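Chemist: Sequence:
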Amino acid sequence: MSAIFNRIKNLFGQGSSALTYGQAKELASDQNPEVRKELAERIDVRPEILYFLAEDPDPIVRCEIAKNEAAPRQADAVLAKDDDIEVRSCLANKIARLAPNLNSMEREDIRHLTVGILEDLARDQVPKIRQILSDTLKDVADAPVSVIRQLAQDDELLVSVPVLENSPVLTDEDLLHIISNLLESKALSAISRRHAVSPGVADAIVDTDSKEAITVLLNNESAQIREETLDLLVDRSRNIEMWQGPLVRRPQLPASVALRLVENGGEGDGNPIQINSDNIDIALAAAKRLKREGKLEAKDIESALKTGDRQFVRSALAIRSELSLAVIEKIVKTRSAKGVMAMAWKAGLPMRLATDLQSKLAGISNGDLINPRNGFDYPMNDEELAAELSFFTD
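Under numbering that gives the first Met the number 0, the first residue of the sequence shown is numbered 0, with each subsequent residue one higher.
Think of the hints as simulated: they come from the structure by calculation, not from any bench.
These numbers were taken from a predicted model, which means no experiment stands behind them.
Where a beta carbon is used, it is the ideal one built from N, C-alpha and C, also for glycine.
Treat the hints loosely; a few may be bogus.
[As the list claims (entries may be wrong)] No farther apart than 30 Å at their CA atoms in a straight line, the calculated lysine-lysine pairs in the DSBU-like style are these:
| hint | residue 1 | residue 2 |
| --- | --- | --- |
| 1 | 305 | 287 |
| 2 | 337 | 294 |
| 3 | 305 | 294 |
| 4 | 345 | 290 |
| 5 | 66 | 36 |
| 6 | 290 | 305 |
| 7 | 345 | 305 |
| 8 | 329 | 294 |
| 9 | 332 | 290 |
| 10 | 294 | 332 |
[Claimed, not checked] Derived DEER-like restraints, expressed as beta-carbon distance ranges:
| hint | residue 1 | residue 2 | range |
| --- | --- | --- | --- |
| 11 | 108 | 138 | 22 to 32 Å |
| 12 | 33 | 221 | 52 to 62 Å |
| 13 | 238 | 111 | 45 to 55 Å |
| 14 | 371 | 234 | 44 to 54 Å |
| 15 | 238 | 324 | 26 to 36 Å |
| 16 | 226 | 82 | 54 to 64 Å |
| 17 | 334 | 211 | 44 to 54 Å |
| 18 | 208 | 42 | 48 to 58 Å |
| 19 | 298 | 84 | 50 to 60 Å |
| 20 | 290 | 172 | 48 to 58 Å |
Take the sequences, apply the hints, and build the full model.
Modeler: In structure tokens:
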């Protein structure tokens, strides 16, 4: 083996000096594949020599040509149809990296040939080859449209999903055509995850009735979904719980949609839906529904208090205590520690939560808070609390 490498060393020289055409031609026909492989790695060899090596009987040599960026595009075209999977994989990795520079290629014939090679690889029978292209081209803005469309409609999810989710090349028209022919929910979900899904594409996804894809769409904050479409989904969400949580968390959810949603009595993941909204009507509707279903508990008020959902806290206090919102608001605005405590008592809440309401809802300073007696009891009896409450109700 050492004799072989010594021969290679002698043939190629000690340094990096260029080979003459005659030397390269001789080495290209050498019986030793290691010699031809090293020649195939060089970037200072004439194009016709590299083209000759593209049809070398040894796949190791052909793979080096496939990786060599100095190889003429005609050689790449030959290798795109090579019988060896590894050779085509090497070529796919190289040729996909060239895609961003297609428009800057001076020669039209080379640009056209490069696109043709990419198209051949995008139709390759081996998914691995197509996946290499998909992973490399998924976010390339200048990738050939024909190649991206081919990859986007691939039957293999490992190929189609990266492009469907990320490619800026795909237009709404492309996406609508793809959606009309898609049966695989994971592929539809990939489109649902795209940045800034347009209203038309969102409607098409909803029309597929794919629960998974629609859930992903609702969770995509950048997706643009029409109010009419949201109305439709609210109606259908009565029987599809997985949509209820994402629906209520939609950014800038129209008040009319949110109100209908909470009035429908939906729940997400087995927990009552919590509306974080400045719209008091929505918050009040949510509190009424939870009370009607026997689910308006102290923990719900505590949770809303922690997340800063003051409208829901006020509404829940009004519903549980059977006091008007005006009375609740009056107590909160006066910042009366005793008044807040009496309000919490009337709502049937534990004293510890009454203390939290004093600080977090009414904004009472720590020095003026009334704390639980013995760690959890109200420090006033029922008659005293009722009398305190009468100051605000009479």
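Chemist: Next step is simple, just say for each hint if it's right about the structure.
Modeler: Hint by hint, here is what the structure shows:
1. 305 / 287: 20 Å, holds
2. 337 / 294: 27 Å, holds
3. 305 / 294: Holds, at roughly 18 Å.
4. 345 / 290: 15 Å, holds
5. 66 / 36: Satisfied, since the Cα-Cα distance of roughly 12 Å is no more than 30 Å.
6. 290 / 305: 20 Å, holds
7. 345 / 305: Answer holds: residue 345 to residue 305 is near 21 Å, not above 30 Å.
8. 329 / 294: 26 Å, holds
9. 332 / 290: 25 Å, holds
10. 294 / 332: The given pair, whose Cα atoms are some 28 Å apart, holds under the 30 Å limit.
11. 108 / 138: 22 to 32 Å: 28 Å, holds
12. 33 / 221: 52 to 62 Å: For residue 221 against residue 33, whose Cβ atoms are near 54 Å apart, the range 52 to 62 Å holds.
13. 238 / 111: 45 to 55 Å: Holds, since residue 238 and residue 111 (Cβ atoms, about 54 Å apart) stay within the stated range.
14. 371 / 234: 44 to 54 Å: 45 Å, holds
15. 238 / 324: 26 to 36 Å: Given about 32 Å between the Cβ atoms, the range holds.
16. 226 / 82: 54 to 64 Å: 57 Å, holds
17. 334 / 211: 44 to 54 Å: About 49 Å separates the Cβ atoms of residue 334 and residue 211, which means 44 to 54 Å holds.
18. 208 / 42: 48 to 58 Å: 55 Å, holds
19. 298 / 84: 50 to 60 Å: With Cβ atoms ~59 Å apart, the hint holds.
20. 290 / 172: 48 to 58 Å: Check passed, 49 Å falls within 48 to 58 Å.
In this structure, none of the earlier numbered hints is contradicted; all agree with it.
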